[in-house]
Amino acid sequence: MSIDKDLLELAESQEERAFAADALQFLAANAPRRSEQTVQWGEGEERLALFHESSGADELAEAQAARSWQRKRWSAGFGWITGPVEHGGRGLPDSFDRLYRMLEGAFDIVDMSPLRIGLGTVQSAIRYHGSAEQIGEYAASLMRGDRIACQLFSEPEAGSDLAGVRTRAVRVEGGWRLDGQKVWTSNGNFADIGLALVRTDPEVAKHKGLTMFIVPMDTPGILVRPLRQMTGGASFCEVFLDGVVIPDSLRVGLAGSGWKVATDTLAHERRATGDRSHEIVARATELLWQLAVRSGRDHDPLIRDAWAKLYTNVRAARFQQQRMQATPEEVLTGAERAMDKLLLVNNMRAIGQLALDLLGPRFTTDTGEWGTFNWNKWLMGALGYRIAGGTDEVLRGMLGERVLGLPREPK
Amino acid sequence: MSGASYEERAALRESLRAFFARYSPESEVRRVMATESGYDPQLWRRMSDDLGLQGFTIPAEYGGSGFGAAELQIVLEEMGRALVCGPFFASSVLATNVLLSADDTTARTDLLPGLADGSCIATLAALGETGGYDAADVFEVRATPIGEGHALTGRRTFVPDAPAADLFLVTAATDDGPGVFAVDATASGVERTALSTLDETRKQGTVEFTGSPARLIGRAGEGWTILERALVLSSAALAAEHVGGARRALEMAVEYAKVREQFGRVIGSFQAIKHRCADILLAVEAATSTVVAAGEAIDAGNAEYDQLAHLALALASDAYLFAVTENIEIHGGIGFTWESAAHLYYKRGVTGTVTLGSPAANRAALLTSMGR
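Protein chains in written order, with our numbering: chain A, 284 to 694; chain B, 23 to 394.
With the rest of the complex left out, here is chain A (with noise of 0.2 Å):
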């Protein structure tokens, strides 16, 4: 009872107190509280795969899990806590929302990245951008867990410069008619609408001739293949759009509007990341250790300090990450996920390496040993991820630009 206490102090209004209060009755009557996690050598799944790779089944049933609690926080009202009240949200300010995920925090639900892209990125779009039939239809449903969304915006040919995407949509009679391909495609073989940043001028510069579609899936012409990574599982699909036609009444805002759109609803989650990944930082931190105690090299003094380097950083960045997130809205620069992601990803990187070095050819090699073998899965998942969502050469660029205001490279 004394963490519900704790809990409720974080709300700062009488409104918000109530509102904490029926979240923490929703929140104990249909989750286990989160229990203190302590990792233990040997027991449990090894969880070393920074990258989801389970396939199939395995994932439709992760995504059924995900939809099932997002409808429990419908029904209960925190499904949709900032949402328009006429399409079924509760109209409250950001505070509330805030609010219910760190109280939420303390609870021990699903995984939600299945749903994370269309709770985050695809309604923030439609929402803001799109029309009120849109966001009745699409962006209510998406909160209310009845469809899952994905992102088209990568492209083979539009990686770190995605204004350069290259798939072209064209009027034709009934709406537009959308060809190309995008890639690195998150939920691609189970979502049911896509978000599309297409070419509709090409004609004008790059970033005036986009728009944004949303797409349904089932569209005939829509080809999704899974993309088969380095760690030899699929975490990301392909999606061909072959004479995809829908109508005009999917596009999301105006035509030529899809770059402000893009930019506009990736600014929306100006803060720091959440927690999920600083803390399998922190078990895999704890896991080399009793790597090195294990392996009889806790006295040797060049591992004892590449540990505590290693501690000393993911410390810090974790740090970070809370201090932006306790940051007043309005003294944000917009590239605190710059900086987590950055720190993030350069602690990522160094436990791989340890464990390269604690574990010799076991980390080459599979003897059979728990906790050994895969480690070489998340080194090499530490490289997808210093890739994904902007390099560190795109980050650091923001950080100079936007953060130091370093001028842009001369045209």
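To be clear, the hints were calculated from the coordinates, so they are not data collected in a lab. One should not assume that every hint holds.
Simulated coverage check for chain A against chain B, where a stretch passes if three residues somewhere in it have a Cβ under 8 Å from a Cβ of chain B [unchecked claim]:
{"no.": "1", "region": "581–588"}
{"no.": "2", "region": "594–602"}
{"no.": "3", "region": "622–633"}
{"no.": "4", "region": "679–689"}
List time: in silico EDC-like cross-link candidates among lysine to aspartate or glutamate, alpha-carbon distance up to 16 Å [as the list claims (entries may be wrong)]:
{"no.": "5", "chain 1": "B", "residue 1": "280", "chain 2": "A", "residue 2": "684"}
{"no.": "6", "chain 1": "A", "residue 1": "489", "chain 2": "A", "residue 2": "444"}
{"no.": "7", "chain 1": "B", "residue 1": "280", "chain 2": "A", "residue 2": "692"}
{"no.": "8", "chain 1": "B", "residue 1": "369", "chain 2": "B", "residue 2": "48"}
{"no.": "9", "chain 1": "A", "residue 1": "491", "chain 2": "A", "residue 2": "547"}
{"no.": "10", "chain 1": "A", "residue 1": "543", "chain 2": "A", "residue 2": "484"}
For glycine and all other residues, C-beta sits at the position ideal for the given N, C-alpha and C.
Assemble chain B onto chain A, guided by the hints.
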């Protein structure tokens, strides 16, 4: 003010920044660093009269204002940023923390009010020739009981602000184990010699004690305990000073990269420079967050405060050294001149990274405090 809001802390920072910009600009730093005492008595008085800085963390019953570690960190960040010359770290951080870490109300009542109003400048004389606070020679000075008090004999070196000090807090061995003693700088048998230092903004010296009358602080046998706590508290403060200096070095690098043109464009538009600046920013931000966490842990009485203090100092030291080194590189030739302020920060940074143990020593201490 412990638990001060974001706005209150920002206001404190702003007023300190204005104060030091006015009374300790670079021209003053250069003037004062060339003096023998290494401080400006007028500024020292102003710091006390106008802002009460010397007594910032000293409880009100001993003449201070009783602020927490988190607020002291803001003071040090701003002083580190302005490279303020003077015995603040020696007296208001190290020596104050020693007196606050000893369970000795009489000593506190007698000594702290003088430190709080700046009328007495104290420092910690604990280091032997090896220069490590964890070394065996920390308690090499010998204390012999004489009447009610003790007499000290031995030599301490690397003593911060020895030239300006009125009072030495000395670690010494007694028959009952290690102890901490207070020795008046004017007492008999005390001889100090100034040492040349890389960082001229912060003086050091040796102090030779020959049968010098000394007062025991706390009890004999408690020396390590008192010293250890004082050093941990001071580490969190020093780390904040590092962050302040490192952030200023980053600003200098960025300001210069925005105006210096080579190959027909400002050098800050080159990725080689831009990305390096971003790397410094990352190091400084991560260190800042850790320093803040350490300060809050101390104020909250959190059990892992010692871990976090070591962690913060290790990280802030590395960040400071990185920032001052790259600042010189980004400035190019001008950064290697005496005229540029880059070397002043560099020298403070290098000195700072070994003032309370190197980053590696702090990481080792971190593991020890984790029981690993």
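Exercise. Which earlier hints turn out false for this structure, listed by number in ascending order?
Worked result: none
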